[in-house]
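S.K.: Using the sequences and the hints given, assemble the complete structure.
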Amino acid sequence: MRSPVRLERRLTQPRWLNSAIPVFSLMGALVVGAVVLLATGKNPLDVYWRILDRGFLSQRAVTGTLRTATPLAFTGMCAAAAFRLGVINIGGEGQLYIGAVGAALVGLWIGGSAPVGITIIVMVLAGMLFGAMYASIVGVLRSQFNTNEIITSLMMNYVAGIVLNYLIFNSRSYWRDPRSVGFPSGKPLEKRTFWPTYEVFSTSVSFGFLLAIAAAIVLWVVYKRSRLGFEIGIIADSPRAARYVGIRTKWTIVAVTAMSGALAGLGGTSQVGDFAHYLDAKGLQLNNFGYTGIVVAALARLNPLGAILVAVLMGGLTNAGYSLQGPDFPSGLVGTLQGLILFTAVAGEILTKYRLRSNRNAVKAVAV
Amino acid sequence: MTNSAVRMTGVVKRFPGVIANDGVNFEVLKGEVHALLGENGAGKSTLSNILTGLYRPDEGSIDLDGTPVSFSSPKAALDAGIGMVHQHFRLVEPFTVAENVILGNPQTAFVIDTDSTVERVADLARRYDMAVDPNAKIWQLSVGEQQRVEILKVLYRGAGVLILDEPTAVLTPIEAEALFKTLRAMTAEGRTVIFISHKLDEVMSVSDRITVLRGGRTVGTVATRDTSTRELAGMMVGRSVEFSRATRRNPGDPGDVVLSLTDVSCEDDRGREALHGIDVTIGRGEIVGVAGVAGNGQRELAEVIAGMRTFTSGRILVGDKPLANGRARSAIADGVAHVPEDRLHTGLAAGHSVEDNIALKNYRTPLLSRFGMLKRNVITSQACDLVTRYDVKTPDTATPVRLLSGGNVQKVLLAREFSTKPKVLIAASPTRGLDVGAIETVRQRLVEAADDGVGILLICEDLEEIMSLADRIVVMYEGRLVADMPAVGATREQLGLLMGGATPETSQ
Amino acid sequence: MSKRLSKKWLPLAVTVALGVGLVACGDDDSSSSDDTTATADTTATADTTATADTTAAPVDSAAPAPSADWAANFTPWEGSKPVACGPEEGQPLKAAWVYVGPINDGGWTQTHDEGRQAVQTHFGDKVETTYKENVPEGEQVGQVIEDLIADGNTVIFGTSFGFQDAFVAAAEKHPDVCFEFATGFKSAPNLSQYYGAAEDTDYLAGMAAGAATKVGKIGYLASFGIPEVVRGINAFTLGARAVNPDATVKIAWVNSWFDPPVERKQAEALVTAGVDVLGMKGVDSPATGDAAKAAGIPWAGYNRDNSANYGDVWLTGTQYHWDVYEIPRLQQVLDGTWTAGNYHGTIADGFVDMSTYGDLVSEETRTKIEAKKAELAANTGGQFTGPIIDNSGKEQLAAGKQHTYGELMAMQYLVEGVDGEIPAG
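Residue numbers (this note's numbering), protein chains in the order written: chain U, 1 to 368; chain G, 1001 to 1508; chain P, 2001 to 2425.
Simulated from the structure, these hints should not be mistaken for lab results.
If you're wondering where the values come from, they're calculated on a predicted model, not measured in any experiment.
Even for Gly, the Cβ is constructed at its ideal location relative to N, Cα and C.
Some clues are possibly wrong.
Calculated Cβ distances over 12 Å to all of chain U for the following chain G residues [unchecked claim]:
#1 Arg1007
#2 Val1222
#3 Arg1248
#4 Gly1326
#5 Gln1444
Heads up, simulated EDC-like pairs for lysine to aspartate or glutamate below, C-alpha to C-alpha not over 20 Å straight-line [unchecked claim]:
#6 Lys2094/P <-> Asp328/U
#7 Lys2186/P <-> Asp177/U
#8 Lys250/U <-> Asp1269/G
#9 Lys2081/P <-> Glu2172/P
M.R.: Shown next as structure tokens:
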């Protein structure tokens, strides 16, 4: 009853595979997608061209793609940072909300008086701090009581959502606009607190996106060059070896979870500073930035720079998806296409770590 | 022989690179408690796994009640009436005793009649004098009670032959006594018990006959009333053979103490006391061998000295400086080097490169890092240097250590440990699993280090290694040091007795 | 341990993430697939409305024909000028709708899309309509609008309150595009607001519910404590007490426009609390109807005629006819006379109406409702005539007075008989 093929772990990952596999999986996705499209009477080339054009090529498209990508880059790095240590923080969603709460608080509080530069810096710090504090609850529970962080971080997402709803819909909080006519909404920040955008080749690049790139570089340096990154690697590789050389595993878990939360918090901060300019309780919750970030991290193989790239791809894919949709192109078909591309990308990822082997030749190997 | 319950003839089982059973002959009579005695690695577990259908022998035959059998799976063996009580229990914690007993039993109907099951389990327990409540949940039970559930499971299935693998390892002396009574009750009814152990005293007290294995072969089968612990120890460890003692450039100086433990106790991972008041000293350049069967506290001893485990009482001095309790970093800084038993996953981070692993103990020093950032080029050059000096065969220093051969893995570990210029080295089974050439190299390195003045605690099950390298030998049994003697003049027989728990008085 | 964990758990985490993500963006995949056949190939054909969903009875046969013109309910912004957002000569006018939910939500969004289909049918090849569904509130909206404009759409309809800021921003950025926004309040030279007096029909639905309750307790699902919804609650309660003076209305806040599982749960909680009729306001899906069906109690719906699917529990409810406004407005665009302003539709122009009466509404009650409907058609908001006491006992409106339009738009109290309070009032 054995299957004719099986997966065998590769001892080493050849470098060429790392670049070849994504290309092949994308091509595979496009071929399968084409079959689906042909079956529903669409011209695949037209559809693919539209995805490319509206996601990545036309001038306005890139602006929009970067906007959509910004929060995903942050939540992607949030997930990647924690996963690297083996801490499965899926609380990026809630940490992003709380980061936005912190940033909005500061923006409302000193936005009218403090110098613009200071305000932005303090907003960034507050967003990171709020996200970090919120995430470190998960970290402390994990390191002190060995609580399963998947459960706790997921639950904390719901709590954060309730906090947001409370602040805007169910209370007259500092964040709520007392003048909001009809529908409760967040108090708008002063115009001068709005984060700058930069025009690069007639594409608007937000400050938040640049911040994401900077964070990715810092994160990359931490992993590659710092003592902390070294220790994180050892803990993830072998907790016993970490104990053997006296690495403070518990402390590191808390620190890394906090760092992870700070990144998600920055994502929320960027939503406030770059785009919404108030605490947008509904908007933050309806987009699933945090959950999508987990997919981003997985596709980026936990590499922070990769997370930026994948976030941009996902952003483009999302926008192109809305662009495709319409009376003759149901959103179900859009979802199918997006799902196909993501699925093949993940499947391809497996092949960089494992290889397919025929079971006939493998029998001898099993005994060894 | 009509009275034979199990007969295994010429059983051979090979694993890659190892012959675990090399023509074992083993016969158990109906209604007896038959002990299977041997050191770790003697082939006891392989033999019992063959008997219970987990492995199939490469050669040889098995007869059950005089008829040849061949088991394709543990289930087939169980159906034929051979049941095994494993050292590690296989129970479902949230379920009750009765539920666990009937779990996986093919006779269990789809709809479970709880009341009658509970009644039958209770009957069975009473018959063999095993106090256990059929309605209790497993997690509520003590280890001894859980073991009874395992035995009940096998009995419920109607097994005529029970194999117990080191059953007393987890029991208190009183629980062990109760177990022996139960075993007697079972044999009185005509069931057969195979009792696997390495403890001489308990084998003497519980068994009718004893088969001793050594190095995968049968040494012999004796009737318990016709033998002595002394004879068994000799059979177990082998007659003294001539072995060459390593030649030392500088003999050690026991007077210049580099490590001393005074009344040190600690707990194991499950919170039971694993070391009971250990006293031992190591002098400069002295190699002290710790003999003992695995699981008697050796790992905890190594970890306590290396700062990986906190001790609950006592005092440890490195040189004349007290060791910070449970702080691996300060132990390293104080000059304690440690070659752990589990090289690849404790001593090293297997997925990391050779150079990262070599830097594992000094990456925090100013040599290798500044302002929290690593100096990667120094890390690489340090590794290149040591790889050359210790003749590590690796394509480059960026290769993950998991890709290296066992001998080279150990060389990486030793290179790192010695490069820290330690005062003390704890070496746990440093040559286990290595090929002959690598064993020679590793032993050579240890002797050189001792010649250079490092005090070495050599924790090892291999008596030959201890006797050829150590200046002094201590024996560990159940968390205590039961003997401390010069290596010259110590005999295998004597050590075997001590390792098996015979008291020093009886061994003299 | 950690390493193993990470390997073992990573796929799980991704699965959880995808799972949660999917739950949140809901039944889009499953649901849009079943109407693929209906919309994909028959978009512009005349019989779309009929074939796509036979349950949609756009105008109740019993209802009187609209007695007034829509223009009577439209007020241009002060100083507003015509915006030329029409097509080039010989080209069709391209108009787009942006929806927050799926087009087959059985409620709000579906009603809007039925309006769009009616527009398409009315204009034929003179107008080319499209839509984007499941657009989350927040940053995505702006991007979707940009994309629609890049596609050549010059009139864009927005149908969810949370889109408002994005629409205002887009209107500023694209002065040559006409924006139509439902249920908001902000204005711009090229941005109109359109909505209607649902509180009139909510009152009539309340009458049906009041007649249906035996224990005198009605459960009512409400989305947010905003004036639009509060008006609905009050009108419904006044209507119920007009036929059943002792009836009370127990409120459950959903805190969302569209969240079918939560809607269902809240409705079930109301049933558990002892109500024997369910009503709703501002919630987009018919999940409340499912709960009513399960409990076997009458249900007054909202948004859309669900009499066919929920026949055994259906009473009646407010029904929107968005095309009443949309068709003449697009005609204005074609004519080059479109100006921005505020539209508040009524029973009189046919924008709001009662959906089909269910069998549970007796002949006697129907007659009463129809009589009151004629009265409200002539005097919208007439149900809010004093004396009105709020549920804390305070008089909110003196005898003989009627709330002004401004007061209605800012209503922030609950009338006597409502069991509940406005969150963070």
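S.K.: Quick one: which hint numbers does this structure break? Sort them smallest to largest.
M.R.: Violated hint (a single one): 4; every other hint is consistent with the structure.
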